[in-house]
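Trainee: Chain by chain, the residues run as shown.
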Amino acid sequence: MKKTYKIDVDCANCANLMEEAAKKTDGVKDASVSFMTLKMKVEFDEGADPAEVMPRVRTNCKKVESDCEVFL
Amino acid sequence: MNKKQKKLLIRILAAAVLYIPLFLLAEGVIEADIHPALLFALFLVPYLICGYDVLWKAIQGIKNRKPFDEHFLMTIATIGAIVLGQYPESVAVMLLYQVGELFQSYAVGKSRRNISELMDIRPDYANIEGDGGQLERVEPDEVETGSIIVVQPGEKVPIDGIVVEGNSSVNTAALTGESMLRDVGPDSEVLSGMINTSGVLKIRTTAEFEESTASKILDLVENAASRKANAENFISKFARVYTPVVVYSALALGILVPVVCMFTGLGNYASVADIWRDWLLRACTFLVISCPCAVVISIPLSFFAGLGGAGSQGILIKGSNYLELLAKVKTIAFDKTGTITKGNFAVAGVHHSPVEEEKILEYAALAECHSSHPISLSLQKAYGKNVDQTRVTEVKEISGYGVEAVIDGSVHVAVGNDRLMRRTGVEPVACHHIGTVIHVAVDGQYAGHILITDELKEHSREAMAELKKAGVEKEVMLTGDIEKVASSVAEEVGLTDYRAGLLPADKVTVVEELLKENEGTGKKVAFVGDGINDAPVLARADIGIAMGALGSDAAIEAADVVLMNDDPLKISQGIRISQKCLHIVHQNIVFTMTVKIACLILGALGIANMWVAILADVGVMILAVLNAIRCLFVKKI
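Protein sequences, first through last, are from chains A and B.
Here the working numbering is used: the first residue of the first sequence is 1, the next is one more, and so on.
Here the working numbering is used: the first residue of the second sequence is 1, the next is one more, and so on.
Among these hints, one or two may not hold up.
Said to hold, decoys possible - Calculated lysine to aspartate or glutamate pairs in the EDC-like style (CA-CA distance at most 16 Å, straight line):
hint : chain 1 : residue 1 : chain 2 : residue 2
1    : A       : Lys6      : B       : Asp566
2    : A       : Lys3      : B       : Asp566
3    : B       : Lys342    : B       : Asp53
As the list claims (entries may be wrong) - Calculated Cβ distances over 10 Å to all of chain A for the following chain B residues:
hint : residue
4    : Tyr52
5    : Glu222
6    : Ala239
7    : Val296
8    : Pro300
9    : Lys484
10   : His583
Unchecked claim - Below, a sample of chain A positions facing chain B; criterion: calculated Cβ distance under 8 Å:
hint : residue
11   : Asp10
12   : Ala12
13   : Asn13
14   : Phe35
15   : Thr37
16   : Thr59
17   : Asn60
18   : Val64
No lab work stands behind these hints, which were simulated from the structure alone.
Note that beta-carbon positions come from the ideal geometry of N, C-alpha and C, so glycine has one too.
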């Protein structure tokens, strides 16, 4: 399953860091962050519940870039 | 400006106001006797006002073990300068760094908004009629397929559907890039993103919001930014190498060089302290230039602006990588029908007629008035006036021959092929032109024939010439049609190269040959088709361009570039947009890198101090971002 989330982040490089962090989260198969459109596209593992996975994605992103936000 | 930006602006202004008198004081313009410790404390105020968040992020960078974090490097550079007694420089660096950040965030936000305005087709709501007949606004994605929605004048059609009630004109500008009104009534198909201009329309939706045209187009444009171009990949690789190299060079400058100087006595320094002071300062200057931000931000911004600009013209490019390829297209293969020609039939001429042409057309149109065959329709279109069916009596359709009818109660007309003529007892004159020939006999006398051909598109000829101007070296027309038709169409639009009598599979072979010819030259081969039956060719070419794709899912799927309307001039416009965009990208790469490297060299030599470094760094970023935004302006191309 794929879902798109709005994000907020200030710099292009930070967006890349968020992408890496999101990819490493359990339950996430793949993720791509577009700085220009401020969107995060997340592909979930089979059977994963986005409502359960996304808060962890958000926490992981905050770890690498304190100044970011993922709108769930 | 958003809240964050406003806050940063206020901090910058406050710090600047505090900074200026301090600067004048430190430079000796204002004379005052101030204790050095007090001066230090005073400088610390603007430094912290504008830089506290940088310091905070630097601490977190250390926690996360990110040695090349830009905030961390900025902090080291400025604290280093403070330690070396360079208070004015240190605060200025922090101040200008923040000015750069603010500008960058503002400019990116602004162009983001501009681009989404250009592509302003996302509907915000849908109207559903409630039980009492009153309209209810709901989120478009809550509307189920098959529901009835109401679109009032001035509103956007939110979801694709079929009109069930009401007549109106809809404007397709947001979808095709050209303001064009289309009349719709019951049973007409309407697409989301069209704007209803006059009457109220009731529409039965045929898709969900996500599957509607507007959502698909937006999705396509937004995802385009994630397919990175070579230039972007190059820049991110460069950024990954650049910062570490600069940081290690700074370490070398700040530690290695002074040690060497100490032991060799190079450089005529008065004291050991002077050696360290000088070289540590140069090392700090290096760190100031260590962030590759200007390049990193301006390249994707250029591509994004280019994609958005092209989208606003009805040219949807599916990725930055395709934009890059499109700029290098030197060979284009065209499908004939639907690309160069309209794909619908039209009267090309009336020959061998003893009476006026209009009369023949009138008779033919009247006789064929009950038929909906494309050829009959083209006759009626050529006649141009309203066909009054009451004038036609005794219509006799003879399958495989044509039509016989009596017009105005007295004129016996036969309209059809040569067999019908012979059957009627007249000898038809053969046409030496190419196309479908309709013979007409009036009252048993041969009255000439009407030649019906596929019409060329209005701009086909112009488009071929424009493409040459845009740098295309070879244009080939591919068609399944016979040689005679192909050669005449090719000649009409000014093409010298064409291949006739091709089966769909042959088209792939021809494109493969073209690809082979251009292999290794860096020149790209494009194929332009209407997306019907030519998906394999679209996929095989370096870049597949589908035209007239408004509402055609198959074409949107198969192609790399989608032209929303069917004007062939859009091909050259698309190429020019991508060339302009790529040109700007190259300018930015060369410009920013040259300035950075020059600053590094001058900084190492001690010619450029911190002032020069930060001014150049912020300046180059501002210029690069402004230059990138030029990609948005594509209307006049």
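Trainee: Look at each hint and say if it fits the structure.
Mentor: Right, here's what the structure says about each hint:
1. About 34 Å separates the Cα atoms of A:Lys6 and B:Asp566, which puts this hinted pair outside 16 Å; it is violated.
2. For the given pair, A:Lys3 sits about 33 Å from B:Asp566 by alpha-carbon distance, which is inconsistent with the 16 Å threshold.
3. At roughly 61 Å between alpha-carbon atoms, B:Lys342 and B:Asp53 are farther apart than 16 Å, so this suggested pair is violated.
4. The non-interface label for B:Tyr52 is consistent with chain A: the shortest C-beta to C-beta separation is roughly 13 Å, beyond 10 Å.
5. The non-interface label for B:Glu222 is inconsistent with chain A: the shortest C-beta to C-beta separation is roughly 5 Å, within 10 Å.
6. B:Ala239, annotated as away from the interface, has a beta carbon of chain A within 10 Å; the closest lies near 7 Å.
7. At roughly 5 Å, the least C-beta separation between B:Val296 and chain A is not larger than 10 Å, which violates its mark as non-interface.
8. The non-interface label for B:Pro300 is inconsistent with chain A: the shortest C-beta to C-beta separation is roughly 6 Å, within 10 Å.
9. For B:Lys484, the shortest C-beta to C-beta distance to chain A comes to about 51 Å, beyond the 10 Å cut-off, and the non-interface label holds.
10. Every C-beta of chain A lies more than 10 Å from that of B:His583, the closest at about 20 Å, which supports listing it as non-interface.
11. Among the interface hints, the one on A:Asp10 holds; its C-beta lies about 6 Å from the nearest C-beta in chain B, closer than the 8 Å criterion.
12. The criterion of a C-beta within 8 Å of any C-beta in chain B is met by A:Ala12, whose closest approach is roughly 5 Å, and the hint holds.
13. A cut of 8 Å between beta carbons decides the hint on A:Asn13: the least distance to chain B is about 6 Å, and the hint holds.
14. Of the supplied interface hints, the one on A:Phe35 holds, with its beta-carbon coming within about 7 Å of a beta-carbon of chain B, less than 8 Å.
15. Taking 8 Å as the C-beta cut-off, the interface hint given for A:Thr37 holds, the closest approach to chain B being about 5 Å.
16. Using the Cβ-Cβ criterion of 8 Å, the hint placing A:Thr59 at the interface with chain B is not satisfied: the shortest such distance is roughly 14 Å.
17. Annotation: interface hint on A:Asn60 violated; nearest CB of chain B at approximately 12 Å, more than 8 Å.
18. Given the 8 Å rule on beta carbons, the hint for A:Val64 holds: about 7 Å separates it from the nearest Cβ of chain B.
Of the numbered hints listed earlier, those contradicted by the structure are 1, 2, 3, 5, 6, 7, 8, 16 and 17.
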